[in-house]
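Grab the two chains, each in its own frame, and use the hints to assemble them into the complex.
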Amino acid sequence: MLKAIWDNIKGLYSLLVGLSITGRYLVSPRKTIHYPRQVVDDEILASFRGPLELTRGRKEPGQTRCISCQMCVRACPGHCLTVIKGDAKAPSRWIYDFSLCCLCGACVEACPAGALAFSHKVYLVATSREELKLDLLADLKARTEKEAPPKNE
Amino acid sequence: MTGCFNFINPLAVTEEPGTTAGDFYTRNFEKKAVPGRIILNLGPQHPSTHGVLRILCEMDGEYIVRCEPVLGYLHRMHEKMGEVKTPWQFIPNMGRVDYLHPLAWTWAFVGACERLAGIEIPERAEYLRVISCELNRISSHLLWWGAFVMDLGGVTPILYAFEEREKINDILQIITGSRLTMSSFRFGGVCTDADERFKSLAKEFIPYLRERLKMYKGLVTDNIILRRRLEGIGPMDADICRRYGATGPILRAAGLARDTRKDFPYSVYHKFDFPVPAGPANDCFGRYLVRLSEIEASLMIVEQALASLPEGSHIMEKAPKANWKLPAGESYMAVEGARGQVAVHVVSDGGPKPYRVKLRAPGFSNLSLFAEAAAGTLLADAIAILGSLDLVIPEVDR
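Protein sequences, first through last, are from chains P and S.
With the first sequence counted from 1, adding 50 to any position gets you my numbering.
With the second sequence counted from 1, adding 2 to any position gets you my numbering.
So here's chain S without its partners, still in its complex pose (with noise of 0.2 Å):
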């Protein structure tokens, strides 16, 4: 097993302990060149690395012989400046942890310090949680499926999938104010209340995508260039999944049916009723089929909160302010991202910052499968399996 930190150790490798003299590739693969094999460095500017992530690859011909991930170019430092500000003015940070699905964040920084303080929520506000967090979802899986495409080289069907994120992005502004840094959740609920407005725009939104997915299915889905690129490449089995610590839909199209919302319910979503997709393949055309169906499965259950949106106050009487002090103790909170497990863990000591913010992002788990799961195929492959893992580096480096 070649993991991800055997090789990132300077002091296993060099020969004075204490030096870091040499580059990446002479601390941790070779001491000198291999005959025969190339040095590739992918990233980190290019395109299809989605965002600042390098890709160091040992190339044998076409075939990849080692990479790994060299990660830390978007780093900034997110956890430190939640040790340096109130819990309150710490929010809007979890809205630029993960630009695709700032929901999930917010949610689990926000929730975990309910939990702390023991504050009930009134109802109304969990049903707009669940649903902005679920058209969140769609928007992110919708710009995921665009952007795959456009790594395998297909670039018209992101403009499609743009024409939706722009429907689900002017139904969010309505509620959150915002069209990508969304982070309007608040201690206590949220921050606008729902119109009719926009459970009209939501109602439409439902049938009106579910017809599209119709079209993304001839498009995309039926394509044979699509297929015979992803069947059978990149397949991940539950084992390297579980090792890795993978999450989300890469481990349910291990055919694992493992969901937060299911697994540990949290808020109301044990009041609805929907699948949790576990893919029937473990390739990258299983990962793809899993989140369409769970594009499917956000639906129905934005489909039945807003059936059953109850009436009241989408935010309790006197909620927490900009100055409120979290009480002493810890606590954690999980929620299902839409590349896996989103978590934050609080530590508080009682004063007005919090002592220790710990964020779990899913996409640092589920890349550091990558170098075990591209080792000996070709570069083309490797691009889409690393598509086909819906990385956000800015959630992975944080």
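Okay, chain P solo, but in the shape it has when bound (with noise of 0.2 Å):
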């Protein structure tokens, strides 16, 4: 009987000491970030793996690296990469369906003339699949006009 009663104000007591803790927590500052006022450090996105990007040539920044060679396309496991042959050894397409990619980086791996990288990219939004059909040449053109290039890479 006395261990009955005993039991019960220990069980009472557990649960103010929980209640003590979620109170401490009522009164902390905030943990979360909220996304459209507030965004997530550089700093932890530099290591993210976001969609491919093409990397900018050694010699002019504008230029891919890509050597058309369809290692990557070889090594993709989901089929997401069309790179289109065009004079020279340049691509003249390099169409990237990121609705297909896993981002496991095989393709990266795989270039011989490391012209692929993973970019930060973590607020890419489409409302539809054709959308996440990336033209990377066009990107890579677009990030040249925007930033003014380095210059010597």
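No lab work stands behind these hints, which were simulated from the structure alone.
We put the CB at the ideal spot given by N, CA and C, even for glycine.
Fair warning: there could be bad hints in the mix.
As the list claims (entries may be wrong) - Facing chain S, according to a computed beta carbon distance under 7 Å, are these residues of chain P, among others: (1) 61; (2) 94; (3) 160.
Here it is as structure tokens:
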């Protein structure tokens, strides 16, 4: 009888301990980030693997390093890459279907020219599958025009 | 004994062989409705079934007379996909088999292929594998902890668990590049080397989590409501675990200190000093305590591995590429996952693609216990038993 009463008192005390922990959380500052008003630090995003992008050429920043060798196309488990060879070695079209991509990195590691890299875009949004078919050559051109090209890479 | 497969044989109970008339209940339980009994379908979309598990229960009031898990709602043909992709292309699949502990699965597959090809990987890569796999195990157990308490009705702890989980994700993202379906192990090493930021974040995390575990104890473990709901519920002794092939925390809670990392040491686990917690009780609360002790054991491994991380390369020279062919033969690798023994059996005929890839999911064996353990319990206790098994349905169905 006494033991039962003592057990109940201990049980009630354990509830108070839990309530004090949640109470402390209630008055502590917010831990989450409210997206449109705040964004995650770039330091954390630097290692995030987002959709692929073409790296800049060593001599001309606006040109791709891609030599249209199709190694990435063969390595890809999801068949999400289409590289169409143009004049000489440079590709004329570079289509990347992000809806099929699993971000494994097979293409990046297979590329002998170092023409592919992961971007750190985390805010990519699309409303249809067609929009996820990204033209990477156009993306490279837009990036070069937007940013001042680095002089020595 | 009412085993899992005794029921699912339509030929054994249908009158005309070859026909599959009727539904699951009439084929496997009773021909007609029994007065006083009701049939309850738990799932496949019920939140407490952790994915798409369907459990068919025959209820007498609040008590379960018989129940049977119905699987296959999340079957994605991972084993078949292993036969139509090159070994390299199958690595990202392994991250998607079990989304809570993907690195154990990646390790099992990559390790099996490396054993077959006789590849020796650099020591630094082995250490990085151990560190990332153990951090991943901690994050898996943390999410289980939150989800288990949420099954029992306490919604708050999962939000606290996610605070630590996000920290682990930030750390693991540096060397794996992703936050959920990590598959960073490569044949011959790992894909990214650890930098100073990784080491400092991981070193800061260990004392932080030890402090938080004290808070967990005060908030949940000592809570009288949780203890009354778990203590003495769903006992599973060593005998039932052996019969169904259960591994992992369920087997350890039954008192058998069996751990693949100790019993069949792979990689560099023999260099670390860590305990294998074998629980004080074999009920739901015992399994809860075993998993919390495993978090502490994993922290010890991470601490020792970080202190003795050797210098060198993170991947061997001339590591196999996407068109790499496995030599003919077969190999097997078992890894201790968060839910039990994860194993991959690879058979190759020397062609560009493996001949057969067999995945041994611990969750499948652990789930088959459920029909026997939950018979005769209250429905609310069956939910507690189901939660204490730590099921990940994508892994069970593969």
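Inset, instruction - Please write out, lowest number first, the hints stated earlier that are contradicted by the structure. - result: Hints that this structure does not satisfy do not exist here, as all of them hold.
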